[in-house]
Each structure stands twice: as structure tokens, then as C-alpha cells.
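Visitor: Chain by chain, the residues:
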Amino acid sequence: MMASVTYKQVSKRFEDGTGALVDFDLQVDDGELMVLVGPSGCGKSTALRLLAGLESVSAGELLINDTVINDLSPQQRNIAMVFQNYALYPHMSVRRNLAFPLRMMKLPAEEVARRTAWAAELLELSDLLERMPKQLSGGQRQRVAMGRAIVREPQVFLMDETLSNLDAKLRIQIRIEIAALQRRLNITTLYVTHDQVEAMTLGDRVAVMNAGRLQQVAMPQVLYERPDNTFVAGFIGSPGMNVLASRLQRRESGLAVEFSGQWLDVSLDSRASHARLARYVDQPVFIGLRPEALELASATRAQVELTLTAVEALGHEQLLYFDVPLITGSNMIVRVQDTPAVTIGDRIPLRIHARELCFFDAQGAAIY
Amino acid sequence: MRILLISLAFVFLAACDRSEQPKPEAGTVQLSVWAHAGQASERRTIERQVQAFNQQQDAIQISMTFIPERSYNAQVQAAAIAGALPDLLEFDVPYLYNYAWQGHLLPLETLLPHSLQQDLLPSIIKQGTYQGHLYGVGTFDSGLALYARRSLLQKVNARIPLHPKQAWSVQEFEQLLDRLAVEDDDGAVLDLKLNYPDEWFSYAFSPVLQSAGGDLIDRSDYQTASGVLNGAASVTAMQHVQGWLTTGRVDPNVDDAAFVTGRVALSWAGHWEYRRYHEAFGDDLILVPLPDFGRGSRTGQGSWVWGISRHSAVPDKAAEVIAYLLRPAQILAMTEANGAVPATHTAIAQSPLYQPGGPLHLFVVQLAEGYAVPRPRTPAYPVISASFRQAFADIRDGLPVQQALDRAAAAIDEDIRDNRGYPSIAAP
Amino acid sequence: MPQRALISAGLLFALPALAGLLIFVAVPFLLSIGLSFTNLRLGSPLAPEFVGLTQFVRLFADDAFTRALLNNLLFTIVVVPVQTLLALGLALLLNQPLRGLALFRTLFFMPVVFPLALVSVVWILIYAPGPDGMLNSFLHLITLGHWVPRDFLHDPWLALPAIMLTSIWQGAGFQMVILLAGLQSIPEELYEAARIDGAGRWQRFWFITLPQLRNTLIFVMLVTTILTFRLFEQVQIMTRGGPRHATTTIMYEAVQAAFSRQQVAKGAAITVIFFLIVLLVTLLQRRLARQERL
Amino acid sequence: MNGRRMLTTGLRYAALLLLAVLFVSPILLMVVGSLKPEARVLVEAGSLKAFVPGEWDLRNYRDVFARVAFGRYLFNSLFITGMVVLAGMVVNSLAGYAFARLAWRGRKVLFVLVLAILILPLEAIAVPLFYQVTLFGWRDTYLVQIAPFVANAFSIYLFYTFFLGLPRELEEAARLDGAGVLRTFLTIIVPNSKPVFATVAILGFLMQWGVFLWPLMVTGGEAVRPLPLAIATFYTLPPLQWGDIFAFGVMMVLPILLVFIFFQRWFIRGVVATGIKG
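Residue numbers (this note's numbering), protein chains in the order written: chain H, 1 to 368; chain E, 1 to 428; chain R, 1 to 294; chain Z, 1 to 278.
If you're looking for bench data, these hints aren't it; they were derived computationally from the structure.
The structure presented is a predicted model; accordingly, all values stated were derived computationally and were not measured.
Beta carbons are placed, not taken as given, at the ideal position from N, Cα and C, and that holds for glycine.
Some hints here could point you the wrong way.
With the Cβ distance kept under 7 angstroms, some of the chain Z side facing chain R (calculated, not the full set) [as the list claims (entries may be wrong)]:
{"#": "1", "residue": "Met-30"}
{"#": "2", "residue": "Phe-51"}
{"#": "3", "residue": "Trp-104"}
{"#": "4", "residue": "Ile-119"}
Can you build the whole structure from these sequences, using the hints too?
Guide: Right under this line is the structure:
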């Protein structure tokens, strides 16, 4: 079953003004797993619920394949959804939960039985069919919810914060299961989460949203390396990119950028083209540095010396905080692998991988 | 859920359907009748009478409905509005004037045999007449007097009046109460049936006003109570009653057993208590007239009467039923059951209780010789009664008599004005 | 399409109930408003006339009616808190693992299932005057003979409290069930946390139980207030508004006017005033509740 | 510690017992009174003898059956109350659901109106309502005793608060699974709302069982009259037969008591879910 999903200039306004969606454009290809990610209230769930038909569109068009579905009822859209808290019908056994959508489709009894058994088999629920939802563990409930979504073989599969009620370990395990299941069934899937790690690991492509607007759609690696704006830069990655205010200057050697009171040369193989950057000379810009784009250096190789304010040891790596204010108001973070002998308050010499610098204009849009 | 909906629909249909009743046989008239569900014995009697009537002839078949006494008037008013009054109905006589004024009743004088009307006690005719027409007749009348125990009265050397004209004066009565109180545990020697419901107070204590020369309303034109109900005579009379109440002479009688348990010596009560009292004290029980407040002893009268609805299609048949109920044997059957005064001279003559020399003959004397006063024959009576009842309650609770009666008189006058003096609208 | 379908579904769902309320409550009430400006009498052959505000003017000049307003107010002020406190006490006693709880709960609830008409009759006997009256002899017993027998229902100072007592007895069980349910929904961890923080029994009650029970209490008191404003049957049967209007209430006056005196218009005017008062009280209570929440 | 706990438990039991005696004694008075010969009911009412039946005597109960068609009245009461409660659960739950969950024009305004109506007791509108049903020609039917009480603002309010507390995802899941609004309501919402249905049923039963004024106004004969009117038959001309009244009262209350005991657990759960929303 082929199904692509298209949002064309879709907007949604609520009476109280929250969770609104503005001019949302998104194309999800057949069989693709698209993750919508963003902070809470960014409109990602709204986008999903509009597609499901649980909310009505204020403006714009929603298409499945080439058909406009704005006016179709949820059941006509043939879409399945897994809810954050699973929404298992508490008064029905697992079997009846799985069979419910099929009974609504008025399928013959043998067909209902066959498909229920198939889904149960697929999700390893066969032994639990007679249990009631409240007798199941969190992971089992999650699987029943998935099963209820797939039995009807929908055109599109929607998941809304599906893993957020599970503990960390289970979350990773089920994340892998979901990805495997999606690949195996090859159903077009939209997955909503606020957790960028989940987004990066699951999505074929990831759509980052903020304040009702789409920020960037891209494959995970692209999002990480070439964020379209400061929001995406800061949101993707754990921790996100360090973004701080800066200026550009023309030097004899080429362009130079201010960093913590020092002027650094912009390397020739920088991600941004020099021709572009030249237009921003003597203007305020923002620069972005991934935490791994700085490293501890010997005093001789060092380009800057910064004061250490805090250390977080995570075992396999350490996060060092320096007194360089970011636009978010917090301090700059540097990720290091080894365990240096440093004390809070020390002046630490650092070296910057200049070619990994990102540049953004005053509005926050990336300059490439 | 579906079953539920279906059963609901079914029920609504069933409920709408139940107005259809089995068709009577050809030539038989179905007569709907309402009666009050009084005491058990009364009710059993009327049931027997109806059964006998239905069996002894085929032309008329009575279908009887009993209605609780306390809500009777509300019932009648509701049915009247709905146009659902029965052919023949019983009602408490003070409401007769209101029903007649509202145009619900048919005059009876042309429907009942003349000889029968002749045989009725004058009090029955008097109370059943409004604006010159007879609208209701009872098969019995009521009697009100003081029950006493001869032995107790003799103990305090009291004079025992046998006829209303010998009644104790109010001073004599109060002295008697004091003397009796000396002999009593708690000083409460009089039972005024304070536990009784609404209508009792107008029935039993308006004679006090009349005996003093006052009344509930000016009976010359029934247009005002002011100056009569709150006039000097009425006020003085009720001050006596208030005196008895506030000095602890009166038993509250919550258990309705003040007299039978011997707690009190005197009980201000109706004919209906005779049987119970007689059972308790046998021949020691005597009946004396109510005290004289200055203008001679007065007492209450009136009870349930039968009337015919103006909308009845078969008034003549309804009248036949009334005539049947007024046969001496039927009257006696009923008065045997409820102890009331038979409504006809013929029946009285056959009654061991009421015939001359009988223990309750005093009731007949009071009714026949004009000592009994019917309640005011005006459509305003329900309001008069409600207002006086309120005044009595206030007086019992210590409000100055003048103030209580002023208030009642004002309420009555206001009501009469609101109804433009109750002009005759429904021509007979 | 989904939107349009929902509009009609919502209306369709609500329609039967709305139609019922419209026909059987709203329309009669609007009729009442209309009638209150006339002098209509039940069953009168005289055509009703428009009399303007006469009925209202008369009502406010009528001692019985003004006393009824006062009595309703007194009744509510006393009964709502006392009954709620009693119910809370009962609920707290029952909110413990004890044997026979279900039995006690049923016993306390039992008065609720008795129709008021019946309850009132039984209490007339309890309040019987004279030394033989049940309450009188009970009080005589526990005061070691110092109690002077009273006629509760005819004493201007005791009649209203007597009716209050009956009402509290009858209604407390219902409130108790609701409060008990509220108590049982308070998470045990809160108490454990408070215990660890060193809170004693009273402090736990004051800082955990009461705030957690707040919404339940508001609900219970709101419902009780509305019910107390409807006070009628006890008065009708036990005192008929006496002594000297000491126990009359708005509803009693309304029913008296409409049914005993057949003054339908007066009854309608009382109804209108009643509605306005209760509406005011409800709005006030809601506002207070909302302010406290902030 | 152990001794102290035993002491508090003992005190608690003592308090409960004392209160239980106070709560139950008026009822006991009635039950015992119903078992006494008429003559002793009132005479002994003032003393502790009121609680001692002496020899058991069922004559009062026989009297009740002799004086009124108790079976007929009981059937009428059960039928009327049952219908009001059942139809009320259907109608009011649908309305509560529409107000809590469905989007439709006029919803907010109408809900405020429903809340305003909450406070109007029947007595207040009885007379105009009476004129109205008379116009419909409904006198002396079951219908006239049922129809006006089916739609009930308070029940709507209880359903409304309960439905507000149900997780919205259940309905959304059902809609995605292809269930329409009505089917979602019937197969998903109703089965998960037993507590509120029990609460509304019990409250409805309690309120309806004692109605007096209305059936008095709109019914004539015994055919369709409920129990509370039958008791009026006993409040007749004195002397009142107190034993009969008590016996009648006991028989009248028994059905409600059974309903409560049977639904008790659901009732309490329903009250939690509806009541705490305030």
C-alpha cells in the first residue's frame, strides 16, 4: 500500500492561542519514518492530530497521496495512532482491544481472528491475549497499543510521544523494536517526540519544530552538521551547539571572527563560503560551536584561555563549563574524552577546530 | 443499552395507552365517584355500600376512588382545572361555597326527592346552601362538645350542664379548670386536640368567637372580617383561650391519648372520639356543651357532603346514588362506623346513640336547636380558615391576641378585595 | 466534514435533556415570572389582572415572608457548617482500617434513605413535650435531673434548632459518604512524606487532609447549601412554620400560598425571589471558591 | 506503643458506637414501634421502653396491607422511580457527554443555563407545570410522573464532571479505530463510567422515591399513585395509627436500603470521581 503524506501551508489556530501551527509544509514519502521533534507546545502534536482528523484544519491542505483529506472523518483516512498513554480500552481484554478496529471495519469474524493472531504473533503478545490492560506491564501495554494500530493495516501510522511513559532502559529496547517493525512493515510513519535523541536515532528524516513553525527537515546527520538556524543548532545534540554573539572583521589574512575577546582566523575550509561571510563584515553575527569543536591544548598551541566554572563527569566523557555566556544565558560547554587534572576556577588553555564553526545572521539563519 | 431504549419506548406507549378503559355494557351507566379515605371503618362501610348498590341494580355501576383527606382540596382543584372531576364527589362542607362559586357544582334541590329534603336536619340544609341553592348534602353531621368524666367533675363538686342553655359560663369553666388542676399532677387538665391538623382550629374555635358575639367574618354580606374577627368580643374570647394555653392548663396531646390515659379531665373534641373514650371510661363518660362566652353556648357543625359535578353527563343517576346513601339504613350503617350524627330525623330516631336519652343526644340538640353555627358560607372560606388557623397558632405561641386577629382580619380582607368581593359569576 | 458532523452530534446528544429541561423547568419558570405580576388564583372564575409589582411589595411587607428569609439564612448558616463538620468527623473516624467499617458506614447513611415525610413524623415523637417526651427524658437523664422539660416544637427559641437537628441527622450521612470518598483518594505518600518531615497527627490533618479535601468540601457545601434553601417538608410536617413564624421558610410560604390559600400569583412571586436569592448565593460561593484557589 | 494503639482503637470504636446509637435510634424507634400493638406505641414512646418490642406483633403490617393496596403502590413507585432513573441515565449522560466532550455551537451558553436551572426545586414551579401537563392531557398517567423528572440538571452536571476526567485519548483512539460518536460513547465511554452511573442512579432513586407533592397534584386514583401518597392515607382523622405508619415506613424504606447496600461500592467510587472536581 503506497502512501505519501503532504502538509500544504497548513495552519491551526486554537481559541486560547496555544499549540497553534503556522503555514506548515511537510512532505513524507511512502514508507518513510518521519520524526517531528521540538519543545513542548511547538505544534508537533497538533500537526499529528490534524493528520489523524482529531482536529480540524484552519487553513491549508492535507493530502494523502494526491487526495485532499481535510474533510474526511478519521476512519475514512485509514490512519492508526499510538497514544502517549496508549489509550487501551480498560474494560476490554488484549484480544478485544486488538480486534476493536477490525470489528469497526465490519470484517468477518475469521478475518478478525486471523489478523488479531497475526498482530499478536508479531508483537509477541500471543500469551497475553486474555489479560486486561491493567494486568500488563508498561512495555506490554505499549506493544498492545502498537498491535491495535497495525492490525488494520493502515496507510499511515502515527505515534505521539509513545515512549515517554517507559523507563530509560525499556525505552531504548522498544525504540529499536519500533524501528525494526516499521522497516519490516514499510508503513509510512509520523513519530512525535520531544526527545531529540529519540528523534535522531529513529527518524529517516527529522522535522524540527518551534513555536508552531517548521524549522528544518533533514536527515539526522545533516541536522547535526548543518543546522538551518540557531534554534535547530541549540536543540539538536546533547548538549546542543554553543551559540554566542560575535562579529566578523576583514584582516589581511582573510576574515577573522571574535571569540571571547580574541580574533580568530576563519579557516578557508570553513563550512560557510567566504564570499557569503564577507557580506557580514562589521556586523553582528552568531557563531556556533559543537561541544566537541573545542579541545584542551597545551599553553603554546592554545588560542584562548577560559575560566572553568563546572565539571560534569559522565564516565566515558566529561562536560566542562566555561564562563562564556551563550545566547541562551547558560555557559559554554566543552566535551572531552580523557580526564584532565583541572580545578574549578582555573584558567584553561583551549584550541578551536575552526573549520567546524557555524555562522548565523542576526536573525539566526545559518550562513553557508 | 438497546434493550433499555426499547423498554423505555414500550413504557411510554403503555403509559399513553392506559386511558382506554373497558367499555361498559349497553344500557349501563358508569358513574365515577370520589370519596375521602377517612378512618378504616368509614372506608370499609362505603365500600360495602357501593358494592351493594352495584349488585342490586344494573342501570348504574359506580367506580369509586378514595382520596387521602389531607390533600383532598388540592386534588379537587387540580381535577377541576383538568376538567377531570367525577360525576359524584364528596367534599368537606366549608369548601362547598368555593366550589359552587367556581361553578363546579350542580344545584341539587330539583334532583333529590322533596320528601328526602324535608327529612334532613335543618343544619344540613343550611350548610349546604349557597346563594339560595342546595349544592351538597351529607349523610351525617358532626358534633362538637366537651367530653368529661363524671367522677372527676363530682370530685370537685362541679355543676354538670345537660343542655346548651345550661352551659358553664366561661368564668365558671375557668374556675373549674383551676379546681381540677389542684387534683392533677401537672396542672394540664384540658385537651384541645392541639395535635390535630389544619381545619380543626377553625371548626372547633370559631364557636368561641360566636359565643362571645364575634365571628370569623361579617355575615351580612361576607365582605369584611375587620371589626368582627378582631373586634372586642372576639379578642376577649380568644384571650380566655390564650389564658388556658399559657397557664399550662392545656395538654399538648402529641400522642392523642391525653384523655384516654387519664392525664386530663376534659377533652374538647368531636363525635368521632366517642367510641374510643367510651371504651376507656364506660358510663363514667359524659358529654357537656362548650362553655358560654356571653351570648350562649355555640358549637361547630358540618362534615363531608356529597355534590354533583356540573360536567356530569348523568346528574340524575348521581342523584340516585345520593338518595340511596341517605336511606335510613345506609345512614345508620355509616354513622355506626364513624359515630357521627345521622343526617335525617328518621335515622336519628332509629339510632340508640342519638335518639332522645341516648348518650350523644346533646349533638342532635345542638344541631336542631340552632346552637351549631355553620362555617361562613363564602368562597373566601379557604383563606378565612387558613388565616384563623395561623392566628390560633400565633395565639398559642403567645402573640398578643389583638395583634394576631388584626393580622388575620387584614389577610382575609385583602383576599376578598383581590377577588373583587367574590361576585357571583357562575350562574346556577 | 468532521467539524460539521460534530456540531450536529453534540446538539443531538444534548437535545433530549435540553428539551426536557426546557419543557418541564424553564417554561414553567418563565410562566411563574409572568404570573407573579398578576393576581391569579387557583380555580377562580375571575379573569386574572395585571397588578404590576403588587405581589412583591406585599411580600416584603409581610412579616411571615421576611421571617422566612431570615430563617432560611439562619438555617443555612448553622446547618451547612455543622453538618459538614459532623460528616467530616464521621468520615475521619471511618477512614481507618477497622473491623466493621462497612456496617458503620451503612448505619450512618441509613437516615439518608428515609423520605423526609417519614423522618419528620418520627422526630415529632422524639420532640414530644412534657417530661415523658423522648428527648426530654433523655436530657433529664444525662443532666441528672436538672433539665426542665420543654415543648421543643412550640418554643420560639427551640423550634428552628429542633428542625436543624433533624435535618443534620438526616443529611450528614450523605455528606459523610462523599467526604469519605474524598479522603480515600488522597495519596498515602503525602502522609508518609509528612510523617518523615515530622508532622504530628494534627499537623497532618491540617496541612495534608484539609487542603487535599478542599474541592470535595466545596462540592459538599455547595450541594448542602442548595438543599437547605429548599427546606420544606420538615417544616410542613413538624411545625407548620410556627411558633409565630419561627420556622417558616421560603418554600413553605410558597407552597402555603399556592396550595393552601390558592394564591398562585403570590406563590409565583415567592418562586421568583427564591430563584434570585439562590442564584446569588451560588454565584457568590463560586466566586469565593475561585478566589481561594488563586 | 502497642498498648497505646489498642487504646486509640478502643476510643475510636467507642466514638463510632456512640454515634451509631444516636444515628440509628430514631430508626430503631420506628422499627420497634411497627412491631408493637397500637396501644403501646405512643404510650411507651417517651421512655426506653420505646426500644423494647415486647412480644412481636405483625398486626401493623397486616393492617397496612388491609388499608391500602400496598403491592399496587409499591409497583407504581418502583416503576416510576425505575423509569425516571433509567431514562435519566440515558438522557443526562448523553447531555453531560455533549457538554464535556463534543464541540457544537451554543454549548457554553446552554451549559450556563443548565447550571442555573440546577437550583429550582419542583415545588417552586409546580403550579405552572401542572397547568402545562393538564394541557397535554397527561393527568393520571405514569407518563406525567416520569417525563418531567427525566432530564435533570444535577445529573447532567455529575456526568459532565466525570466525563471531563476521563482520558481523552480513549475516545480519540476509538474514533481512529473507526467508531462514530455514538458508538464511541456506547462502547468506550459508558463501560468505563460505571461509578458515575451508579452515583446518579442512587441519587435519582433517593430523590424520586419520596416525591409527594407532584403525584398528589396530577393523579387521582390508586392505579398510578406511588407509595408516599399511600402514607397520606394513614395521616387521616385522628387517632392516628402510629403502628401502621411505622410499619408502612419500614416497608417503604426497605427497597432503597437494598439499592444502597447493593451499589454502595460503586457509589463511593463514583462520588470520588464526580465530587472531587467541585
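Visitor: Please list, smallest to largest, the hint numbers that this structure does not respect.
Guide: Result: hint 2 breaks, nothing else.
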